[in-house]
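Let's have the full structure, built from the sequences with the hints guiding it.
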Amino acid sequence: MIKLQNVSKIYQLGEDKVEAVNKVSLHIKAGEYCGILGSSGSGKSTLMYLIGLLDRPSSGKIIINGDDVSKLSDVELSKVRNHKIGFVFQSFNLISRFTVLENVLMPTKYTKGKLDFDVHKKAEELLKKFGIYERRNFFPNKISGGQQQRVAIARALIMNPSVIIADEPTGNLDTKTGNEIIKLLESLNKELGVTVIIVTHEKDIADRTNRRIYMKLYTGTV
Amino acid sequence: MVMPGSGFNSSSGFGAGLVGGVEFDEKDASSVSRVAGVEYTVPLYMSTVKAEAGGNETTAYLFGVNEDYFNLMNEEAEFGELFTKSDVSSKAKVAVIGSKVAEELYGDDENAIGKTVRFEGMRIKVIGVVANTGDSQHDTSIVIPYKTTFGSVNPDKTFWAIYVGVSSKEDIESVKEEIKSVLSKRYSEDDFSITEQTEILSMINQIFDILNIVLVAIGSISLVVGGIGIMNIMYATVTERTKEIGVMRAIGATERDILLQFLTESLILSVFGGLLGLIGASLTVLVVRIFFPASISLFAVIITFAISSGIGIFFGVFPARRAARLSPIEAIRYE
Ligand SMILES: Nc1ncnc2c1ncn2[C@@H]1O[C@H](COP(=O)(O)OP(=O)(O)O)[C@@H](O)[C@H]1O
Ligand SMILES: [Mg+2]
Numbered sequence: 000m001i002k003l004q005n006v007s008k009i010y011q012l013g014e015d016k017v018e019a020v021n022k023v024s025l026h027i028k029a030g031e032y033c034g035i036l037g038s039s040g041s042g043k044s045t046l047m048y049l050i051g052l053l054d055r056p057s058s059g060k061i062i063i064n065g066d067d068v069s070k071l072s073d074v075e076l077s078k079v080r081n082h083k084i085g086f087v088f089q090s091f092n093l094i095s096r097f098t099v100l101e102n103v104l105m106p107t108k109y110t111k112g113k114l115d116f117d118v119h120k121k122a123e124e125l126l127k128k129f130g131i132y133e134r135r136n137f138f139p140n141k142i143s144g145g146q147q148q149r150v151a152i153a154r155a156l157i158m159n160p161s162v163i164i165a166d167e168p169t170g171n172l173d174t175k176t177g178n179e180i181i182k183l184l185e186s187l188n189k190e191l192g193v194t195v196i197i198v199t200h201e202k203d204i205a206d207r208t209n210r211r212i213y214m215k216l217y218t219g220t221v
Numbered sequence: 000m001v002m003p004g005s006g007f008n009s010s011s012g013f014g015a016g017l018v019g020g021v022e023f024d025e026k027d028a029s030s031v032s033r034v035a036g037v038e039y040t041v042p043l044y045m046s047t048v049k050a051e052a053g054g055n056e057t058t059a060y061l062f063g064v065n066e067d068y069f070n071l072m073n074e075e076a077e078f079g080e081l082f083t084k085s086d087v088s089s090k091a092k093v094a095v096i097g098s099k100v101a102e103e104l105y106g107d108d109e110n111a112i113g114k115t116v117r118f119e120g121m122r123i124k125v126i127g128v129v130a131n132t133g134d135s136q137h138d139t140s141i142v143i144p145y146k147t148t149f150g151s152v153n154p155d156k157t158f159w160a161i162y163v164g165v166s167s168k169e170d171i172e173s174v175k176e177e178i179k180s181v182l183s184k185r186y187s188e189d190d191f192s193i194t195e196q197t198e199i200l201s202m203i204n205q206i207f208d209i210l211n212i213v214l215v216a217i218g219s220i221s222l223v224v225g226g227i228g229i230m231n232i233m234y235a236t237v238t239e240r241t242k243e244i245g246v247m248r249a250i251g252a253t254e255r256d257i258l259l260q261f262l263t264e265s266l267i268l269s270v271f272g273g274l275l276g277l278i279g280a281s282l283t284v285l286v287v288r289i290f291f292p293a294s295i296s297l298f299a300v301i302i303t304f305a306i307s308s309g310i311g312i313f314f315g316v317f318p319a320r321r322a323a324r325l326s327p328i329e330a331i332r333y334e
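Chains as they are written, first to last, in numbering that gives the first Met the number 0: chain S, 0 to 221; chain P, 0 to 334.
Please note that the accuracy of each hint is not assured.
With a cut-off of at most 27 Å between alpha-carbon atoms, the simulated DSSO-like pairs for lysine-lysine come out as follows [what the hints assert, rightly or not]:
no. : chain 1 : residue 1 : chain 2 : residue 2
1   : S       : 111       : P       : 242
2   : S       : 78        : P       : 124
3   : S       : 70        : S       : 120
4   : S       : 108       : P       : 242
Since the hints were derived computationally from the structure, they do not count as laboratory data. For clarity, every value in this text was computed on a predicted model and none was experimentally measured.
Next comes the structure, spelled out in structure tokens:
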């Protein structure tokens, strides 16, 4: 489903070159539950943004559902992100001006054309399932971190994506709530068959996944 | 054509600063009319009044003149008729009104004929309507025989100007001299002035031209300053929301979506500014209306919204483009 062939990402910092991702080849199949493990600064986030089509590689090829990403326009990439990929971030990244429900509905606002499901019903279903329906009209700063991350996962799921990419989703949470979030992501993979990619530096979390990809520090390789 | 006088009526405040303050009376009018070469003499009483008819009200210029006024101004009745010499001498309660007054009070020009208009405690019958001249002073005027003003409106029986028409252009200079010497017998020379209409017109035009240039200059500067203000606000907004922009890109917003979103915001900002300006202008006009006829045209409203939208788009494009061109990952990593 997502294939990386010899993908590198090099940041140019003045004279210095940072090879955040170096000649990585990967194949992530539909329905996988996969962990990307590595210490801080090893290039996990960079790799994740490449897989999530937020960034283009310096060299190498990324193929998603048979399409070469380098041949897709901004509009096409945005469409893939909108329909197929759901992002979950370490710092939740909810929009503070909008309520919980509005945040969950955000991705549907960027969809061109009509959707074949009732977005409001779907949003309410997700909020109910995650136990935050009562908080739907709250603003993000009025709910706890665990609840915010649930809202973020609901937002990632609203478009029925085939992949969820979570970048250190437990990084800003205590161990207990973190575990709940991981269980939630796990259940999405088991029950809905969504491909889940979790980026983490915590070994405990990675151990629960079905497949582990280790990033090595300084070399940017897998 | 010579316009002597303009020893203004100090209480009405017209022409302030132009000339010192005598007020002419009928005696002056008749002595001016006896000057050789003068074809007709029009004494002019002028004030603003609140006119009322059938529940409608409007502010208008009231002119008290004689029948020659219409020759002098080249005015003809579009509907009804003009008043005559006998109307003047009989103090007839009749009026010829401008088309704007007719519209405000009676809905349309033709409808006004035969109706009554009330102001300053007088009831006057409208016998004629003058076609729209495009000149706001004439279109918002109520013209009545000058003798009819004697009484409640003009108890002192004075005029603030006397218009004079001459039979031939060559006579203008000599008529001017003659009128000056006639009036000098009663008034000191500093107390009145004699101006050719072309002179006074070009003078007024010049003043308005300068005023216009100054206003347009102030307006343009304000627009540019306002536009730059909006641009700065939008740049600040873009910076402040960098992370949000990154998130929106991640959940599927295209560059175009982001561009349009910020452009819309700057448009809303500038159109709101235009709206505030219009409200300010309306309040000013409401105050000015008490003294002079004034209004805001639909054209001015349209222009206001057109220009403020233009400013919003022009100055909003740069910040909106910056927002759209942010790299999604750098926006997301931004703290
Ligand atoms: N925009 C950037 N410009 C320059 N260097 C960057 C940029 N983003 C990340 N890096 C560098 O790339 C390396 C990998 O970063 P990252 O992918 O965030 O690692 P991780 O998520 O594993 O902590 C780090 O050394 C980081 O400093
Ligand atoms: Mg990271």
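Could you grab the alpha-carbon distance between residue 111 of chain S and residue 242 of chain P and see if it respects the 27 Å cut-off?
holds (23 Å)
Are residue 70 of chain S and residue 120 of chain S close enough, with their CA atoms no more than 27 Å apart?
violated (36 Å)
Would you mind confirming whether the straight-line C-alpha gap from residue 108 of chain S to residue 242 of chain P stays at or under 27 Å?
holds (18 Å)
Restraint status (C-alpha distance of residue 78 of chain S to residue 124 of chain P at most 27 Å)
violated (74 Å)
Hint check: violations occur at hints 2, 3; the rest are consistent with the structure.
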